[in-house]
Amino acid sequence: MSDSPLLRVSNLTVALHLEGGTSLPVRDVSFDVGASETVGLVGESGCGKSMTALSILRLIPKPPAEIVAGSVNLSDVDLLKLDSNGIRRVRGNRVAMIFQEPMTSLNPVYSCGEQIAEVLRLHSGLDRRRAWARAVEMLDRVQIPNAAERAREYPHQLSGGMRQRVMIAMAIACNPEVLIADEPTTALDVTIQREILALLDELQAQLGMGILHITHDLAVVSESAHRIVVMYAGQVVEEASVDQLFSAAAHPYSLGLLASRPELGARRSRLPVIEGRVPEPSQEVEGCRFRERCPFAVDRCTEEPPLLEVSNGHRARCWEFERVQREGEWPRVQ
Amino acid sequence: MKRRLTTVALSLMPLTLVCLRGSTPWRALGRDLDWTIAVSTALFWPVVVAWAIIQPRTQRWWRRFEDPSARWGLVIVVALHLVALLAPALVTHSPQAQGHPVFDRYLPPSTDHWMGTDVLGRDLYSRVVYGSRVSLTIGVISVFVSLVLGTIVGGIAGYRGGWLASALMRLTDMMLAFPRLVLLLLAVALFSPSPLVIILILGVTGWMSLARLVRGGVLQVISTEYVDAARALGLPPHRILIRHVLPAALLPIIAALALRVGNTILTESFLSYLGLGLQDPVVSWGMLIRSGRQTLLSAWWLSTFPGLAILLTVLGYNLLGDGLRDAYDPRLRSAVRSEA
Amino acid sequence: MISFFTRRLLHSVLLLWGVLTLTFGALHIAPGDPFDLMISPETPPEYLEAMRELYGLDAPLHQQYWRWINGVVRGDLGLSLRLQRPVRDVLADALPYTLLLSSLSMLVHFLVGTVLGVVSAARRASKLDRTATIVSVAIYSLPVFWFALMMQLLFSYLLRWFPSGGVGDVPFGWDNLGPWFLSMARHLFLPVLVLGTAGAASVARFMRASVIDALHQDYVRTAYGKGLPERLVVWKHVFRNASIPLITLVGLSFPFLLSGSIVVETIFSWPGLGRVMVEAIQARDYPVILASTMLTGSLVVLGSLIADVSYALVDPRIRAR
Numbered sequence: 002m003s004d005s006p007l008l009r010v011s012n013l014t015v016a017l018h019l020e021g022g023t024s025l026p027v028r029d030v031s032f033d034v035g036a037s038e039t040v041g042l043v044g045e046s047g048c049g050k051s052m053t054a055l056s057i058l059r060l061i062p063k064p065p066a067e068i069v070a071g072s073v074n075l076s077d078v079d080l081l082k083l084d085s086n087g088i089r090r091v092r093g094n095r096v097a098m099i100f101q102e103p104m105t106s107l108n109p110v111y112s113c114g115e116q117i118a119e120v121l122r123l124h125s126g127l128d129r130r131r132a133w134a135r136a137v138e139m140l141d142r143v144q145i146p147n148a149a150e151r152a153r154e155y156p157h158q159l160s161g162g163m164r165q166r167v168m169i170a171m172a173i174a175c176n177p178e179v180l181i182a183d184e185p186t187t188a189l190d191v192t193i194q195r196e197i198l199a200l201l202d203e204l205q206a207q208l209g210m211g212i213l214h215i216t217h218d219l220a221v222v223s224e225s226a227h228r229i230v231v232m233y234a235g236q237v238v239e240e241a242s243v244d245q246l247f248s249a250a251a252h253p254y255s256l257g258l259l260a261s262r263p264e265l266g267a268r269r270s271r272l273p274v275i276e277g278r279v280p281e282p283s284q285e286v287e288g289c290r291f292r293e294r295c296p297f298a299v300d301r302c303t304e305e306p307p308l309l310e311v312s313n314g315h316r317a318r319c320w321e322f323e324r325v326q327r328e329g330e331w332p333r334v335q
Numbered sequence: 023m024k025r026r027l028t029t030v031a032l033s034l035m036p037l038t039l040v041c042l043r044g045s046t047p048w049r050a051l052g053r054d055l056d057w058t059i060a061v062s063t064a065l066f067w068p069v070v071v072a073w074a075i076i077q078p079r080t081q082r083w084w085r086r087f088e089d090p091s092a093r094w095g096l097v098i099v100v101a102l103h104l105v106a107l108l109a110p111a112l113v114t115h116s117p118q119a120q121g122h123p124v125f126d127r128y129l130p131p132s133t134d135h136w137m138g139t140d141v142l143g144r145d146l147y148s149r150v151v152y153g154s155r156v157s158l159t160i161g162v163i164s165v166f167v168s169l170v171l172g173t174i175v176g177g178i179a180g181y182r183g184g185w186l187a188s189a190l191m192r193l194t195d196m197m198l199a200f201p202r203l204v205l206l207l208l209a210v211a212l213f214s215p216s217p218l219v220i221i222l223i224l225g226v227t228g229w230m231s232l233a234r235l236v237r238g239g240v241l242q243v244i245s246t247e248y249v250d251a252a253r254a255l256g257l258p259p260h261r262i263l264i265r266h267v268l269p270a271a272l273l274p275i276i277a278a279l280a281l282r283v284g285n286t287i288l289t290e291s292f293l294s295y296l297g298l299g300l301q302d303p304v305v306s307w308g309m310l311i312r313s314g315r316q317t318l319l320s321a322w323w324l325s326t327f328p329g330l331a332i333l334l335t336v337l338g339y340n341l342l343g344d345g346l347r348d349a350y351d352p353r354l355r356s357a358v359r360s361e362a
Numbered sequence: 011m012i013s014f015f016t017r018r019l020l021h022s023v024l025l026l027w028g029v030l031t032l033t034f035g036a037l038h039i040a041p042g043d044p045f046d047l048m049i050s051p052e053t054p055p056e057y058l059e060a061m062r063e064l065y066g067l068d069a070p071l072h073q074q075y076w077r078w079i080n081g082v083v084r085g086d087l088g089l090s091l092r093l094q095r096p097v098r099d100v101l102a103d104a105l106p107y108t109l110l111l112s113s114l115s116m117l118v119h120f121l122v123g124t125v126l127g128v129v130s131a132a133r134r135a136s137k138l139d140r141t142a143t144i145v146s147v148a149i150y151s152l153p154v155f156w157f158a159l160m161m162q163l164l165f166s167y168l169l170r171w172f173p174s175g176g177v178g179d180v181p182f183g184w185d186n187l188g189p190w191f192l193s194m195a196r197h198l199f200l201p202v203l204v205l206g207t208a209g210a211a212s213v214a215r216f217m218r219a220s221v222i223d224a225l226h227q228d229y230v231r232t233a234y235g236k237g238l239p240e241r242l243v244v245w246k247h248v249f250r251n252a253s254i255p256l257i258t259l260v261g262l263s264f265p266f267l268l269s270g271s272i273v274v275e276t277i278f279s280w281p282g283l284g285r286v287m288v289e290a291i292q293a294r295d296y297p298v299i300l301a302s303t304m305l306t307g308s309l310v311v312l313g314s315l316i317a318d319v320s321y322a323l324v325d326p327r328i329r330a331r
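Chains as they are written, first to last, in my numbering: chain A, 2 to 335; chain B, 23 to 362; chain C, 11 to 331.
Hints may contain errors.
Unchecked claim - Just a sample of chain B residues kept apart from chain C, beta carbon distances all over 12 Å, derived: (1) VAL105; (2) THR133; (3) ILE174; (4) LEU203; (5) SER245; (6) ILE287; (7) GLY343.
What the hints assert, rightly or not - Derived CB-CB ranges, DEER-like: (8) B:SER245 with C:ALA102: 25 to 35 Å; (9) C:ASN186 with A:ARG153: 31 to 41 Å; (10) B:SER245 with A:ASP300: 28 to 38 Å; (11) A:SER31 with C:PRO255: 40 to 50 Å; (12) B:GLN316 with C:MET194: 21 to 31 Å; (13) C:PRO54 with B:PRO303: 52 to 62 Å; (14) C:LEU20 with B:PRO303: 44 to 54 Å; (15) C:VAL319 with A:GLN158: 17 to 27 Å; (16) C:GLU56 with B:GLY238: 30 to 40 Å; (17) C:ALA102 with A:SER160: 52 to 62 Å; (18) C:ASP228 with A:SER125: 23 to 33 Å.
Stated by the list, open to error - Here are some, though not all, of the chain B residues that point toward chain C, as calculated from beta-carbon distances under 10 Å: (19) LEU190; (20) LEU193; (21) SER291; (22) GLY338.
Worth flagging that the hints you see were computed from the coordinates, not collected in a lab.
For clarity, every value in this text was computed on a predicted model and none was experimentally measured.
A virtual CB, placed ideally from N, CA and C, is assigned to each residue, including glycine.
Generate the whole structure from the sequences, applying the supplied hints.
What follows is the structure, given as structure tokens:
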């Protein structure tokens, strides 16, 4: 962990007001992203990770969703306290974002170059011609061949991997300090996935930006991330460096996630399953939110655990983390 | 709630027939219209009930009326059909009874004549009330004719495919190339306008958009798994069409039907306004507006009230149609959904 | 790209041919021929024979059909029974008036309708949106001819602001351009107001649904994520996408405008195509009825052709096909 983190999310809580009532899809979430650091935000779909990512730039749809508590500090500015003009100057400029669906995240009626140039004109104040030249340069930088020609093409003319590269070019156009990548490779083929991940690593080395990589797939971030934040049912349940997590996971849920990864050449014929269902965001659970599915649960779990310090930079939301670490394996399925 | 509504609808049907049996003054309205009134007012209730039955069991059909616009539309439409049905009981004068040639003509609205009187001293309110029968009848029945034609053309084009389908859709395109009013004017120029002819003409010129809807619905449903499943089970094509394809395809069409009724009522009233539609002694709202257009300044009520009646009727059907369309269109419903 | 246009053009020609055939057919489906309906019993049969011969109604059907198509292609549409003038001239006189009225109304209804639709979609469920929705349903349900009468009553009879109809008697000339323009504008105001309002309501309804649809697309989130202000997101990214279906609506609004101008022209005595047609029907002037039906049909075909072509120009995805 760096001394003064670039991006510090503290105690972020998001409420969702729907017809059925109000729920809290993000509860008291805190984590840091340092310069040149990649943080993986991992959890299954519906755990609130995308909502967290969108809340950082206040992109959540406002009538149903609302940020009710917490702060998001970029250097010394609280993004949640900025006025609408202020946050606009941060978006795409100091903090940029790429999304899961490269098919639909690009506007079909504007050429790729135009969409990249738009950010540059907006934030760097370049004129039309110079913005275009820079857009072509950016496309070249994300390793798109024939960048000058590709810039004139429309999103539907490109493959999925190419489109994601265009998205990345758009995101890094203004040299952002932080890049938020929301499932950037989920919709892509496995081979393309690797290329995109390698590209992100390379760009990080060149530009020194912090990356917040959101994914449901531990394997995706296991190589590129420095630290991993695991979310479950709206809460951070474990925060650790990659090594710490893989060698000594301290929360049963992380253990379950690790165990349900298929490993090449593993002898086990069946992958273990985490029994039971995730509590709904609206559902209030007494004590630990993972308790009902947890094989390690004890009486004390009816009392909600805080994030406990496991070791330096390793924290877990579990009373029994020592036992979890000792046993170190998700109980086998009978 | 559901049972109560269904009971009301069902019990209204015999009531409809009882009212139509009577020998009340409406016989004076013109013999040609007798059967049409009977069919149209009676037709409305079965359609509502049939629609309730079509619905998949899991969805409660009255939920579709939770949208305020659909609810208000339904209230207006039902109220107007009741007015048409019970016209003899609601009028204060006979619609054809002429008043005193000097003292009763062009009387402004008063407590005795709620909407004033016309050039012959006839009570406008009573005429407007009776006019509802004509407008609703023509609207509902001609849309029904359109529906039958549209279902046949669209159903065949959607289910069969091939050259027949493309020929039928080309015909539909061709018919759509004419403004409907132009087709209608051409038709009334060629045939003499009796109520039956007007209904047929309106029906025959209005099926194209419905055919497209039916075809679209059929195509969409055909590609879903349960039709594949039915086909795999060896069900004969006509059974697939009737049991599986049509009910699902009909849902959006019912919303469109309500909108078409409103549109048809508008069109009919304009034909009547031009003097090319229905002829005396049938009373239609368009004719009433026509009779008042020369005295717009001196007897403003003659054109104003029938126009308001048309506006209310068409508004009712449009609200109903809009509300129903919003109710089944998932895009407009689930617009508010959480991310993540 | 070229093949798309040629295909589309061929389709239009085919449609046009269908329009001609359909109009021809409509005349011959009717019981008897025009002269049966037109002429009273005491008309001498020789006169009828002569008229039938003059109009070629004694020839076999396929010859009549050939002559009709041939005439249309050469621009010979026959002689008006009522006015004793070539039908072509009658239509040529009326067409500019209808085009003027419809194009101005189209301008009004697309401008007003689009702005209203986009604003109510962007401010969804606001007071403005709710009011706009209710008002547009109400306008949509309005009998246009009655609305025209009411506007006439209000603006020309009660307030006396605008003339109740006609085109005015100021002749066109380069030296009195000012007075001519003023008189035209005064006479056009009410017809355009009525026709424009009626159309604006449906455009607004359509546009609202289209924009709401586009607002939920992922690229909107991307645009916000770039730091674009809402104004730019809505009017650049959303509007461009939402207006693609609008182009279809422009093409489809031709039938509406022509129908509408029949209504409005009748009430405001505007000497356009619609009035010519209504008068021809009331006088059973068949050559004029046929020719004007055909002309409106052709205008609609032309409209949808223009719409399809501009559709392809705006949406890069169509062009590629």
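Verification of the hints:
1. VAL105: 17 Å, holds
2. THR133: 25 Å, holds
3. ILE174: 19 Å, holds
4. LEU203: 4 Å, violated
5. SER245: 21 Å, holds
6. ILE287: 9 Å, violated
7. GLY343: B:GLY343 is in fact no farther than 12 Å from some Cβ atom of chain C, at 10 Å.
8. B:SER245 with C:ALA102: 25 to 35 Å: With Cβ atoms ~50 Å apart, the hint is violated.
9. C:ASN186 with A:ARG153: 31 to 41 Å: 52 Å, violated
10. B:SER245 with A:ASP300: 28 to 38 Å: 55 Å, violated
11. A:SER31 with C:PRO255: 40 to 50 Å: Check passed, 45 Å falls within 40 to 50 Å.
12. B:GLN316 with C:MET194: 21 to 31 Å: 27 Å, holds
13. C:PRO54 with B:PRO303: 52 to 62 Å: Since C:PRO54 and B:PRO303 have Cβ atoms about 36 Å apart, the given range 52 to 62 Å is violated.
14. C:LEU20 with B:PRO303: 44 to 54 Å: With Cβ atoms ~52 Å apart, the hint holds.
15. C:VAL319 with A:GLN158: 17 to 27 Å: Once the Cβ atoms are compared, 21 Å apart, the range 17 to 27 Å for A:GLN158 and C:VAL319 holds.
16. C:GLU56 with B:GLY238: 30 to 40 Å: 56 Å, violated
17. C:ALA102 with A:SER160: 52 to 62 Å: 56 Å, holds
18. C:ASP228 with A:SER125: 23 to 33 Å: Given about 25 Å between the Cβ atoms, the range holds.
19. LEU190: The hint is violated - B:LEU190 has no Cβ within 10 Å of chain C, the shortest such distance being about 13 Å.
20. LEU193: Because about 8 Å separates B:LEU193 from the closest Cβ in chain C, which is inside the 10 Å limit, the hint holds.
21. SER291: Holds - the Cβ of B:SER291 comes within 10 Å of chain C, reaching about 6 Å at its closest.
22. GLY338: Holds: closest Cβ of chain C sits about 8 Å from B:GLY338, inside 10 Å.
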